[in-house]
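Protein chains: 2
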Amino acid sequence: MSEIASIGEFGLIRKLTEDLKTINKSTLKGVGDDCAVLSPAMDMKTLVTTDLLMEGVHFDLTYVPLKHLGYKSVMVNLSDIYAMNGMPEQITVSLAISKRFSIEDIEELYAGMRLACEKHGVDIVGGDTTSSMTGLAISITAIGRAKEEDIVYRNGAKETDLICVSGNLGAAYMGLQLLEREKNVYDQQVAEAQRTGNKEAMKNLATAQPDFAGKEYILERQLKPEARRDIIAALAKEGIHPTAMMDISDGLSSEIRHICSQSKKGCRIYEERIPLDYQTAVMAEEMDMNVSTCALNGGEDYELLFTVPLTDNDKVSQMEDVKVIGYITQEEQGCALISRDGQEFELKAQGWNLSKKE
Amino acid sequence: MSEIASIGEFGLIRKLTEDLKTINKSTLKGVGDDCAVLSPAMDMKTLVTTDLLMEGVHFDLTYVPLKHLGYKSVMVNLSDIYAMNGMPEQITVSLAISKRFSIEDIEELYAGMRLACEKHGVDIVGGDTTSSMTGLAISITAIGRAKEEDIVYRNGAKETDLICVSGNLGAAYMGLQLLEREKNVYDQQVAEAQRTGNKEAMKNLATAQPDFAGKEYILERQLKPEARRDIIAALAKEGIHPTAMMDISDGLSSEIRHICSQSKKGCRIYEERIPLDYQTAVMAEEMDMNVSTCALNGGEDYELLFTVPLTDNDKVSQMEDVKVIGYITQEEQGCALISRDGQEFELKAQGWNLSKKE
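Line by line, the protein sequences give chains A and B.
Everything in the first sequence is counted per numbering that gives the first Met the number 0, starting at 0 for the first residue and increasing by one.
Everything in the second sequence is counted per numbering that gives the first Met the number 0, starting at 0 for the first residue and increasing by one.
FYI, nobody ran anything at the bench for these hints, they're computed from the structure.
Misleading hints may appear alongside valid ones.
Any copy, or any two copies together, can satisfy a pair, since identical chains are not distinguished.
With a straight-line cut-off of 25 Å between C-alpha atoms, the simulated DSS-like cross-links for lysine-lysine are [stated by the list, open to error]: (1) Lys314 <-> Lys20; (2) Lys202 <-> Lys182; (3) Lys263 <-> Lys14; (4) Lys214 <-> Lys20; (5) Lys146 <-> Lys24; (6) Lys118 <-> Lys202; (7) Lys314 <-> Lys214; (8) Lys223 <-> Lys347; (9) Lys214 <-> Lys157; (10) Lys118 <-> Lys14; (11) Lys263 <-> Lys236; (12) Lys314 <-> Lys66; (13) Lys314 <-> Lys347; (14) Lys20 <-> Lys263.
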């Protein structure tokens, strides 16, 4: 393990970026000057989104591998570009790093970022690297492109539009619950071994790995989410132009309310239609949680939530991995969830990102 | 003072951004969707730069007012856009905020950012607001435009080119030294009063303000730097196209070495030509520091460093607030500083931002 101080800030940046290649025509100049220089295509608009991830709030390095963290921090930004019906082309990466990280750690983090970029055809064109007195901070800005007529905002939903989601919901949240549970179990075992002075137990714990068999999917959804480029491509192929769209990062309830409030509409969502994975349901059962609540309010799905005209019903129904979960109503009708037994509830926003962890 | 938890993440974002107006034609959609949407002018390239500022590393809130901090965090990014000979148009602002900040604190920080944006004709188009377990983190990305033929990189310096700097150097660094000194004096006085149980002294210290008379300029250079839009405008007016340019954030020595290494050239800088302000010199004297060393290695000047063809000598010599400090040589001659008494020294990079504070 090599100390970052041994090569300094410039040395680290050089090490991380020296063999970066750019693949997009629109990237004229990447890392290495005061700014990156981009050449937007003549008929394209530019999309910009940014996220700031803080250790202890957005990620816990006791169970998140650095490479996964790098991958995920890129994905959450690409997801925002897709949510506008655009294609990402560049990102900048800023890191604040405390002394406890080695050069190898940061290379690992960066490797995850590069993998995510390669998969999605994105260039790393700049950033900033600095020290931190405390934890790790990761700030990524993604830049994408879309034709003006293709861009989908949150405010375009119309009455009778169908509400669709990609993939399934709640899995990332259940993955997080599982990781947190195992962390607590582990911490308790260590405390117990220390209390009783059981050296054998301490030794075993040092190399212990929890058994995650059968739970791989929900862990992957939490640790290595995949932004839904495929859905954007499929929508284009089917000739479907959503009337409103966003990605689901804070939970379905919260996001559909954003679309409704910005579109000045209401909605009806059917609980029985919310797509769930088997592992999500099993894990919720195991933890004695209501799986629908997890799907509605658990965050970090990074699936796409969009509305399409009723006339596109046949087309969306045929799309792979897309499900119609309800429809848009007049604003006065509010945002309603129809439960499995036919009762109607008000959909409440319970985004968890900031509120829960603070 | 109101707790941020009382209005939540979305409430805070709304409060900060609700009356934001956009002024640039190129801003199609600002805050409020998954991405900002920009419309780059047809003949323009896009410039992108980003900075991540961490509490305890880049700023110390015991003596930096939040409004100044907001102003400065925007300026350091705009400075990078000007350093490419471009004009900034948009920024995104991400904040990670710990519990000890009130809504009013963050409004104050944001007010400084907005002031900086208004002065430079820049729109705030997006960002992210999250909690932090520790200090404040500020990540800003600036986006600008320039015609391709106008963009100035770091790598274009030619032999015999004149090396120019705007303004004067070392002032921000001396301002920082002054603030740090007063902070130490204050801390010692408090410790002494506590040790002796002197309640009268404690009371006086609570409202004590250090006497900064005659030192306003260096404080302002540290706390409220101004990106040199005026110099970029003046260069355009004079018809001067620099061959290489960057802004001075880590100290002249470090920056001129970047230009030389990227241009594969050497340089000769004359100590006696390095522009200094009177207050900088007085403060250096008072602190028994070599003022040239401060000007060469003290950071955060945010002045522009650029090279022009020898034939532009008359033009740059007439420019207000620009000084020729040396010239570009062959690479083999290295980077040299010629001292006041005619001796030649190797210019060493001693950027202080990361290395010194860690």
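Within a copy, between copies, both or neither: which one fits Lys263 and Lys236 at a CA-CA cutoff of 25 Å?
neither (29 Å within a copy, 49 Å between copies)
Indicate which option fits the pair Lys214, Lys20 if close means a Cα-Cα distance not exceeding 25 Å: within, between, both or neither.
Neither: 36 Å inside a copy, 48 Å across copies.
Check Lys146 against Lys24 for me: Cα-Cα at most 25 Å, and say if that holds within a copy, between copies, both or neither.
both (16 Å within a copy, 17 Å between copies)
With 25 Å as the alpha-carbon cut-off, assign the pair Lys314 and Lys347 to within, between, both or neither.
Classified as neither; 30 Å inside a copy, 65 Å across copies.
Reference check for the pair Lys214 and Lys157, CA-CA at most 25 Å: within, between, both, or neither?
neither (39 Å within a copy, 61 Å between copies)
Alpha-carbon proximity context of Lys314 and Lys214, limit 25 Å:
neither (33 Å within a copy, 71 Å between copies)
Status of Lys182 relative to Lys202 across identical chains (alpha carbons, at most 25 Å)
Within one copy only: 17 Å inside a chain, 48 Å across chains, cut-off 25 Å.
For the identical chains here, do Lys118 and Lys14 meet the 25 Å Cα criterion within one copy, between copies, both, or neither?
Intra 22 Å, inter 38 Å, cutoff 25 Å: intra-copy only.
When no copy is specified for Lys118 and Lys202, does a C-alpha distance of 25 Å or less occur within a copy, between copies, both, or neither?
neither (40 Å within a copy, 62 Å between copies)
Which holds for Lys20 with Lys263 at a C-alpha limit of 25 Å: within a copy, between copies, both or neither?
between (45 Å within a copy, 22 Å between copies)
Intra/inter-copy verdict for Lys223 and Lys347 if alpha-carbon distance must be at most 25 Å:
Classified as neither: same-chain Cα gap 28 Å, cross-chain 44 Å, threshold 25 Å.
Intra/inter-copy verdict for Lys314 and Lys66 if alpha-carbon distance must be at most 25 Å:
Neither: 38 Å inside a copy, 53 Å across copies.
In this structure, the earlier hints numbered 1, 4, 6, 7, 8, 9, 11, 12, 13 are contradicted, and the remaining ones agree with it.
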